[in-house]
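Top line first, the protein sequences correspond to chains A and B.
Quick note on numbering: our numbering labels position 178 of the first sequence as 178, and the sequence is numbered without any gaps.
Quick note on numbering: our numbering labels position 32 of the second sequence as 32, and the sequence is numbered without any gaps.
Be aware that a few hints might be false.
[Said to hold, decoys possible] Distance ranges between label pairs, derived from CB positions:
(1) Gly77(B) with Arg10(A): 42 to 52 Å
(2) Leu75(B) with Ala4(A): 19 to 29 Å
(3) Asp3(A) with Met179(B): 39 to 49 Å
(4) Pro160(B) with Arg9(A): 21 to 31 Å
[What the hints assert, rightly or not] To list a few chain A residues with every Cβ distance to chain B over 12 Å, as calculated:
(5) Ile69
(6) Gln95
(7) Glu158
(8) Arg267
The set of hints was computed from the structure by calculation and includes no laboratory data.
Glycine residues also receive a C-beta, built at the ideal position from the N, C-alpha and C atoms.
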Amino acid sequence: MTDARIAYRRWKNRVGLSLMALAVALCLVPVVSVVFTVIANGASALRWRLLTHLPAPVGESGGIANAIIGSALLLVIAATGSVPVGIALGLYLVQRRQRPLARVARLVLDVISGIPAIVVGVFIYTIIVLPMHHFSMLAGGLALGMIMLPVFARTSEEALRGIPTTVHEGGLALGLPRRRVILRLVLRAAMPAVLTGLFLAVARVAGEAAPLMFTSLSDTDWPRSPLGPVASLPVLLYTYAISPFDEWHRQAWAAALVLMAMILTFRLVTQAYGRWRYGRKAAP
Amino acid sequence: LFLVVLAYGAWPAIRAYGLGFLFDMEWNPNPEHERYGALVFVYGTLVSSFAALAVAAPVGIAAAAFISEALYPKLRGTVALVIDILATVPSVVYGLWGIFVLAPWVRMSLQPFLAKTLGFLPLFQGAHRGLGMLCAILVLSIMLLPIIVSISLDSMRAVPATYREAALALGATRMETIMMAVLAPARSGLVGACILALGRALGETMAVTMVIGNAHRISVSLFAPANTIASTIANEFSEATTDLYSASLIYLALLLFLLTLMVNLAARLLVRRLWSGAKENTHA
Numbered sequence: 001m002t003d004a005r006i007a008y009r010r011w012k013n014r015v016g017l018s019l020m021a022l023a024v025a026l027c028l029v030p031v032v033s034v035v036f037t038v039i040a041n042g043a044s045a046l047r048w049r050l051l052t053h054l055p056a057p058v059g060e061s062g063g064i065a066n067a068i069i070g071s072a073l074l075l076v077i078a079a080t081g082s083v084p085v086g087i088a089l090g091l092y093l094v095q096r097r098q099r100p101l102a103r104v105a106r107l108v109l110d111v112i113s114g115i116p117a118i119v120v121g122v123f124i125y126t127i128i129v130l131p132m133h134h135f136s137m138l139a140g141g142l143a144l145g146m147i148m149l150p151v152f153a154r155t156s157e158e159a160l161r162g163i164p165t166t167v168h169e170g171g172l173a174l175g176l177p178r179r180r181v182i183l184r185l186v187l188r189a190a191m192p193a194v195l196t197g198l199f200l201a202v203a204r205v206a207g208e209a210a211p212l213m214f215t216s217l218s219d220t221d222w223p224r225s226p227l228g229p230v231a232s233l234p235v236l237l238y239t240y241a242i243s244p245f246d247e248w249h250r251q252a253w254a255a256a257l258v259l260m261a262m263i264l265t266f267r268l269v270t271q272a273y274g275r276w277r278y279g280r281k282a283a284p
Numbered sequence: 001l002f003l004v005v006l007a008y009g010a011w012p013a014i015r016a017y018g019l020g021f022l023f024d025m026e027w028n029p030n031p032e033h034e035r036y037g038a039l040v041f042v043y044g045t046l047v048s049s050f051a052a053l054a055v056a057a058p059v060g061i062a063a064a065a066f067i068s069e070a071l072y073p074k075l076r077g078t079v080a081l082v083i084d085i086l087a088t089v090p091s092v093v094y095g096l097w098g099i100f101v102l103a104p105w106v107r108m109s110l111q112p113f114l115a116k117t118l119g120f121l122p123l124f125q126g127a128h129r130g131l132g133m134l135c136a137i138l139v140l141s142i143m144l145l146p147i148i149v150s151i152s153l154d155s156m157r158a159v160p161a162t163y164r165e166a167a168l169a170l171g172a173t174r175m176e177t178i179m180m181a182v183l184a185p186a187r188s189g190l191v192g193a194c195i196l197a198l199g200r201a202l203g204e205t206m207a208v209t210m211v212i213g214n215a216h217r218i219s220v221s222l223f224a225p226a227n228t229i230a231s232t233i234a235n236e237f238s239e240a241t242t243d244l245y246s247a248s249l250i251y252l253a254l255l256l257f258l259l260t261l262m263v264n265l266a267a268r269l270l271v272r273r274l275w276s277g278a279k280e281n282t283h284a
């Protein structure tokens with residue numbers, strides 16, 4: 001009687017655990033497949049020419065160089081847009097953490113981070129593209145910046161909170177005005193962590209295509225002006241992937257590989273940098 | 001602010017249709033007899049998101065439980081890294097993979113199999129196309145996995161070790177320990193993970209747009225192509241010629257925004273309760 005019960009429980013234990021192991025395997029299969037196909041297909045399509053030339057009509061061998069540069073420019077715009085706002089917000093959230101307004105700001109940031117990227121695109125389209133009557137790099141960069149902002153504000157808040165209040169108090173005790181205490185002492189001490197947060201946020205938005213489709217649109221030429229449309233890797237990847245041409249499909253795979261490699265190196269460099277800075281700071 | 005701007009952009013459509021927009025099945029951009037209704041897309045969005053969640057949630061939670069409770073602790077760091085990588089793969093890359101790897105597999109293997117075994121259900125009837133609702137659901141659920149796994153992992157780790165020890169000391173098998181002493185206390189975190197994932201799924205644009213097949217109709221069969229709110233905006237926004245057309249698309253964006261807003265606020269509440277709960281536990 002009890003033996004049968006114990007055997008049943010043993011059996012249930014084994015089945016349950018194997019089901020969970022199976023779930024892990026189920027999670028891993030698509031990861032491996034995605035990474036593997038991107039590397040395999042991307043590498044076979046990757047040519048030096050592809051990285052250095054403009055897109056060409058189907059049949060001729062074109063490149064994706066303008067999209068790579070366009071992506072980089074968009075990210076620079078997004079970063080310059082969200083850095084001051086993000087740091088200011090982070091400072092405010094740390095220094096005035098109890099005020100009702102800080103709570104509201106936090107809630108708003110949470111809400112913004114939950115907005116689908118495509119809705120951000122529509123939003124920017126309505127307030128910038130419509131009044132200006134054409135698609136522009138500026139609009140695309142702002143859309144990306146808007147997506148970055150909540151992530152970055154949150155990480156810089158964390159970074160600034162990590163600075164002990166004694167630094168702050170010490171500065172004030174020496175008779176420095178608050179402004180200089182914050183700029184010279186607190187911000188400087190928090191800089192490595194803030195930078196890490198910035199790079200992580202950039203890596204996060206680098207692959208976004210949805211907000212760019214009707215803000216920066218796309219282009220077949222080199223990026224020329226911040227007020228004109230500009231090509232970017234994710235959008236190019238999208239248009240190439242749904243096109244009917246094999247040639248473009250291959251380039252899409254290559255673009256995917258370039259994009260993922262960019263994002264991954266960005267992240268790894270950031271992490272290494274963060275570790276290096278913290279390691280050095282911990283030493284003395 | 002978002003609300004105001006989107007409502008302003010959508011105003012012509014709101015005035016023309018009011019709330020009836022939600023329940024109208026027509027979507028006809030032909031300038032001769034324009035008529036727009038959102039029901040098809042709302043349906044597509046809800047079906048694809050909830051179905052994706054239904055696939056991803058059990059797998060994700062089971063995998064998280066295995067990683068948290070049965071895996072060597074040393075391997076946990078590696079797993080976190082893999083999850084990290086998965087989370088940074090841009091959604092266009094998932095879409096690309098969906099078109100060229102997943103869709104053929106779905107057409108060649110999965111759909112014939114489902115049709116043979118479960119073909120009596122209206123869910124699994126119709127031509128085997130590959131691209132369509134089923135494919136979108138699968139891609140979405142793969143994209144949801146990292147979110148679900150990482151948040152449920154956190155909430156399982158937040159369960160005090162004494163719970164596990166107590167259950168084991170009472171003679172429970174490992175499976176029983178996991179069910180009683182880990183999953184049950186972590187419940188609110190698991191639910192929060194699912195809701196956050198749902199919010200992500202509702203707004204996911206690029207990958208879905210690329211694999212769902214884009215057809216403006218409601219079909220019971222999961223094999224048929226369909227459309228979601230986000231994919232419709234992505235597809236048609238730059239082609240919207242008349243004011244009413246683009247206003248209707250902005251109206252769609254407004255709907256999507258409200259939908260995700262509700263889902264995200266619900267998730268925040270749950271997750272916050274979990275965190276305060278975890279804090280109380282550590283103090284006790």
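Hint check results:
1. Gly77(B) with Arg10(A): 42 to 52 Å: violated (31 Å)
2. Leu75(B) with Ala4(A): 19 to 29 Å: violated (36 Å)
3. Asp3(A) with Met179(B): 39 to 49 Å: The hinted range 39 to 49 Å is violated for Asp3(A) and Met179(B), with Cβ atoms some 23 Å apart.
4. Pro160(B) with Arg9(A): 21 to 31 Å: holds (25 Å)
5. Ile69: holds (18 Å)
6. Gln95: Non-interface label stands for Gln95(A): nearest chain B Cβ at 23 Å, farther than 12 Å.
7. Glu158: holds (15 Å)
8. Arg267: Incorrect as stated: the minimum Cβ-Cβ distance to chain B is 7 Å, not above 12 Å.
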